[in-house]
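Line by line, the protein sequences give chains A and B. For the first sequence, the positions run 1 to 565 when my numbering is used. For the second sequence, the positions run 1 to 237 when my numbering is used.
Hints in this document: simulated from the structure, not taken from any laboratory. C-beta: ideal position from N, C-alpha, C; glycine also.
Stretch-level coverage of chain B by chain A, calculated; a stretch enters the list once three of its residues show a Cβ under 8 Å from a Cβ in chain A:
1. 85-93
2. 100-107
3. 130-137
Every beta carbon over 10 Å from chain B, so not counted as near; a handful from chain A, in silico:
4. Leu32
5. Arg44
6. Gly57
7. Met168
8. Ser198
9. Gly403
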Amino acid sequence: MRYALPTLSDETRAKHAAKGWPLALLGSALLLVSGLLSWSYDDRILGDISIRFWPVGVQIMAMVLGALGVAFALMDRGPLRRVGNWLDVALGLRALSTGVLVFVALVLAAIATEAGGLVNVNEGGWIALVGALLMFVGSRFVPQRELGQMHSARIPGWAEILVIALSMAAVLFLAAYLLNQDDAWLFVLGLAFIIALSMGLARSGFFTWFGHVAQRHKHVLTLAAFAVAFLFPFTQNGSDANMSIATQVLIFAATAIGLNIVVGLAGLLDLGYIAFLGSGAYIGAMMSNSAFATIGWKPPFLVTMLIGAIVASIFGLIIGSPTLRVSGDYLAIVTLAFGEIFRLAMFNLDGNNGPKLTNGPNGIPGIPDLQIGSFNFGDTHNVFGIPLGRFSNYYFILLLLIGFIILVFTRLNNSRIGRGWVAIREDERAAEAMGVNVFGLKLLAFAGGAFLAGLAGTIKAHQDSAVSPDQYLFLESAFLLAAVVLGGMGTIAGVLIGATILKLMPEKLRFFSEYRLLLFGLLLVLMMRFRPEGLVASRRRQLEFHDEDESLAEEVEDWHLEDVR
Amino acid sequence: MSPMLEVRDLEVAYGKITAVKGISFSVDEGQVVTLIGTNGAGKTTTLRTISGLLRPAAGSITFQGKRIDEVPAHDIVTLGLAHSPEGRRIFPRMTVEENLLLGAFARNDKEIRTDLQAAYDLFPILGERSQQPAGTFSGGEQQMLAMGRAMMSRPKLLMLDEPSMGLSPLMMKRIMSTVDTLRSQGTTILLVEQNAQAALKLADKGYVLEVGKIVLEGTGKELLTSDDVRKAYLGED
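The whole structure should be built from the sequences, with the hints applied where relevant.
Quick look at the structure:
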């Protein structure tokens, strides 16, 4: 079942079909041209948008959206028809135009609030608005057409790889651009642009096609993604501001992927996952060279890492072995309690109420930077003349860690163990009758997830240079879970996107921080209503939420056949 | 020679309610043995107890000379005892192939692929639709999948719980002839059925269960011609 807003009846659409298409094309073209015009008298706002034939920022965004609209229109009925006969351009155009309308309205609102009133809007802005309205109205009347088969839509292999490379480059460019926006309006507009673009591409089926392509070139995609992530620090010119956010995103994402093994693959609801990250962080801190460290033994960092991870997984075993035998709800409650017990224990192990391990509420500050061999993570290094500072160093080691965690995730997912987890999620009793050791597999997921969080924790301690109990509130566990659910349970890409959104938004929208929880709550409710399987859906999860959808079942079959070939 | 499976004085209880009240029966190697009886007679409970999903309150279960009433379910499969549960219980969102591979979950050898092919040979429809989500199958196809899945563990003894439930007469014939084929290939089968006639025609030995007790036993032919059975289960008076 697909949820959709009320749409026009087919008869009305057929009646006006002839007028709809030219309107949509005209609107898109207007939007494309408007980018070259002046949008405001005021040359101080949104970068300088007052000069003609010199598009910047939002104007370029408008031109990209306009160009996509023109391309869609020409694919429907025009010279590009043969290029995209498997794209549902009518639906794409409708979604795109809705996004465009919101985007243009937001731009005008930005000009009005920043420069003082709509009088400051120049001809370009108005033309863009007219274009968006024409697109919006016109696209409603463009009828859907017969589609070619998506999986028979083949372009040469090198071209597919080129598409992947270009998409990745676009992602890198957009990420760097967004992060560099200190202007909150530009950040919001950038987001609106991305949403409009993805709405159009998603509804037209481009992403589904991209999924097929990615399936055919899995390794290329993975390599390209890592190359992009690796290149990111080089775009920052040694500035630490964004790299600090980026490292936080990486730690959050690494932990969320670990949680995704527990929640997304094994189907166990863990509400205290942050405690495992905390166990690792505290072990890392206690064994560090900090003056406040409570353990005298200072092994090399890789050993500390391993100890942190093992301690975390031992906690996992202790919590898991009594609770995993009973049904899911109990596990959720026990893990919730464990998260709080962990925080309170760290709060109290200060020498007065127990052994002196954690310095209580003061935590362990002054943790020195990592030193592996002769490489000190606090120093700035120059690579090809580009300075890479402290956070870049941590960024790279975290990238390695994420790579490792993703490797573990995918290997597990595609293994016999992964199959066992799916079977347990589907029908626990039947799985047991097939000889699946249900308890053992659940415990493996639980302790394994804790292990990975422990690894991340030891690095986090050094990167934050301090640990204290108040970093490990229940709220953090809730955010991790939100990242998994929002992004898409059981997928890597989804969780990476979810983690980025949840960590980046509060950093960039500081003025919004008081309403942060309200916004996330609203976001989650909307997601559950309109797309319960998350932003990036694993095909199997999609089936779980849309059981009666037969075309989806066929899609899943295609996807498996692709895998077999 | 001692029987392959021997159940002695088995009692199983759900809380205070005793569903199986001290039954004894045995299955010899190479045979098809059937348990018949009405709803609530305790047939399914008996099978679930043998495969380790339920624990007996009293009595013993011996498989190939080894007591298995304390062995966990996943180890029982490794011993060579497969259970195709009531209502088929296939995994609807996994593909046919994934379902079959799950049947071989307890195994870890290199011949799983060969057996996958064997399952496709037994039921060609499974091979044709190997990448389709199993939930899109019809009842009969799902039953074939459930049987194929159970065979994937290379069982010495296969327990089938109501394989004909909800199937068309034609499909039921097909399933029953497959049971016969499997026996001729050397698999011992314990068959639980409500469709007494079809089961008894096939069975070397049969037991009639009534509210947790065995009230009649004999060869398939004997039971098929017994007046009591004809009256109670075959709808004749």
